[in-house]
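Chemist: Here is how the chains run, residue by residue.
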Amino acid sequence: NAGVTQTPKFQVLKTGQSMTLQCAQDMNHEYMSWYRQDPGMGLRLIHYSVGAGITDQGEVPNGYNVSRSTTEDFPLRLLSAAPSQTSVYFCASSYTSPSLHEQFFGPGTRLTVL
Amino acid sequence: KNQVEQSPQSLIILEGKNCTLQCNYTVSPFSNLRWYKQDTGRGPVSLTIMTFSENTKSNGRYTATLDADTKQSSLHITASQLSDSASYICVVSALGGGNKLTFGTGTQLKVEL
Numbered sequence: 001n002a003g004v005t006q007t008p009k010f011q012v013l014k015t016g017q018s019m020t021l022q023c024a025q026d027m028n029h030e031y032m033s034w035y036r037q038d039p040g041m042g043l044r045l046i047h048y049s050v051g052a053g054i055t056d057q058g059e060v061p062n063g064y065n066v067s068r069s070t071t072e073d074f075p076l077r078l079l080s081a082a083p084s085q086t087s088v089y090f091c092a093s094s095y096t097s098p099s100l101h102e103q104f105f106g107p108g109t110r111l112t113v114l
Numbered sequence: 115k116n117q118v119e120q121s122p123q124s125l126i127i128l129e130g131k132n133c134t135l136q137c138n139y140t141v142s143p144f145s146n147l148r149w150y151k152q153d154t155g156r157g158p159v160s161l162t163i164m165t166f167s168e169n170t171k172s173n174g175r176y177t178a179t180l181d182a183d184t185k186q187s188s189l190h191i192t193a194s195q196l197s198d199s200a201s202y203i204c205v206v207s208a209l210g211g212g213n214k215l216t217f218g219t220g221t222q223l224k225v226e227l
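Here the protein sequences come in this chain order: A and B.
For the first sequence, the residue numbers in the working numbering are 1 to 114.
For the second sequence, the residue numbers in the working numbering are 115 to 227.
Keep in mind that the hints were calculated from the coordinates and are not lab data.
Mixed in with the good hints there might be a few duds.
Stated by the list, open to error - If we take Cβ atoms under 7 Å as the criterion, some of the chain B residues that face chain A in the derived model are:
hint: 1; residue: Arg156
hint: 2; residue: Pro158
hint: 3; residue: Ala182
hint: 4; residue: Gln186
hint: 5; residue: Ser188
hint: 6; residue: Lys214
hint: 7; residue: Phe217
hint: 8; residue: Gln222
As the list claims (entries may be wrong) - Sample of chain B residues with no beta-carbon within 10 Å of chain A, all distances over it, derived:
hint: 9; residue: Ser121
hint: 10; residue: Glu168
hint: 11; residue: Asn169
hint: 12; residue: Asp181
hint: 13; residue: Ala200
hint: 14; residue: Lys224
hint: 15; residue: Val225
To be verified - Chain A is nowhere near these chain B residues, computed Cβ spacing over 12 Å in every case:
hint: 16; residue: Val118
hint: 17; residue: Ile127
hint: 18; residue: Gln195
hint: 19; residue: Cys204
hint: 20; residue: Thr216
In this text, a Cβ means the ideal position worked out from N, Cα and C, and glycines have one as well.
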């Protein structure tokens, strides 16, 4: 099993550009989440999904969109990149709620917005 | 507001020595507490998870303790190795399911020869 995979590993964008961060898991987990990690701050939840076709906002959703058309994939879209979105982004999955079951994290995408 | 505070912010120890990392939380109502290890450039990996009724849990050279009354947890690393160099993150879950996780900012540990 590959676990949770993310692409790309690194990305540089110019302000105003859009892009999609890819996330996939092969553990048949229902629950998937996107976090951002910034220096001096704990991981913050952007969006999450409790199953295919169902998504919801987390703590810092502005500027990001998600969709969940399959159990395996959970892409994160930046609509119009801003320097404040410079961060490391982690996708995670768990069997059900991460409050109840272990959450597995991907390797992360380091995004720089100029 | 739910909060998780970790100390120290960073720590340098010699290989073979022991160390203890601290986690204080104000998350309520409490469900469980987890310690994660995050290597540089990688995603966090779970080390231990403890519920309200558990005081101690070990995973190899890692031992976590929980005092739910004082809302404190510690992670003790025994006989440290160079590979222990990483950030250690404390995460507390609130009752009610969902994604009610509060992450600490982590303790950056460096093990030197």
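Chemist: Determine for every hint whether it applies to the structure shown.
Modeler: Status of each hint after checking the structure:
Against a cut-off of 7 Å between C-beta atoms, the interface hint on B/Arg156 holds, since the closest Cβ of chain A lies about 6 Å away. The criterion of a C-beta within 7 Å of any C-beta in chain A is met by B/Pro158, whose closest approach is roughly 5 Å, and the hint holds. For the restraint placing B/Ala182 at the interface with chain A, the shortest Cβ-Cβ distance is roughly 16 Å, beyond the 7 Å limit, so the hint is violated. For B/Gln186, the interface hint is violated, since its Cβ never comes within 7 Å of a Cβ in chain A; the closest pair sits about 17 Å apart.
This hint is violated: B/Ser188 has a C-beta 18 Å from the nearest C-beta of chain A, more than the 7 Å allowed. This hint holds: B/Lys214 has a C-beta 6 Å from the nearest C-beta of chain A, less than the 7 Å allowed. Against a cut-off of 7 Å between C-beta atoms, the interface hint on B/Phe217 holds, since the closest Cβ of chain A lies about 3 Å away. Proximity of B/Gln222 to chain A is violated relative to the hint, the smallest CB-CB distance being about 11 Å (cut-off 7 Å).
The Cβ of B/Ser121 sits about 14 Å from the closest Cβ of chain A, beyond the 10 Å cut-off, so the non-interface label holds. Interface exclusion of B/Glu168 from chain A stands, the closest Cβ pair being 15 Å apart, more than 10 Å. Distance check for B/Asn169 against chain A: the nearest CB is about 20 Å away, which clears 10 Å, and the non-interface claim stands. Even its closest Cβ contact with chain A, about 21 Å, leaves B/Asp181 beyond 10 Å, as expected for a residue assigned away from the interface.
Every C-beta of chain A lies more than 10 Å from that of B/Ala200, the closest at about 13 Å, which supports listing it as non-interface. The beta carbon of B/Lys224 is kept farther than 10 Å from every beta carbon of chain A, the shortest such distance being approximately 17 Å. With a least CB separation of 22 Å from chain A, B/Val225 remains clear of the 10 Å interface cut-off, as annotated. A Cβ of chain A approaches the Cβ of B/Val118 within 12 Å, the least distance being about 7 Å, so the stated non-interface status is violated.
In this structure B/Ile127 is separated from chain A by more than 12 Å, as the shortest Cβ-Cβ distance comes to about 22 Å. For B/Gln195, the requirement that its beta carbon stay farther than 12 Å from each beta carbon of chain A is met, with the minimum near 22 Å. Separation of B/Cys204 from chain A is inadequate, the least Cβ-Cβ distance of about 9 Å not exceeding the 12 Å criterion. With a closest Cβ-Cβ approach of about 7 Å to chain A, B/Thr216 is found to fall inside the 12 Å limit, against its non-interface label.
Hint check: violations occur at hints 3, 4, 5, 8, 16, 19, 20; the rest are consistent with the structure.
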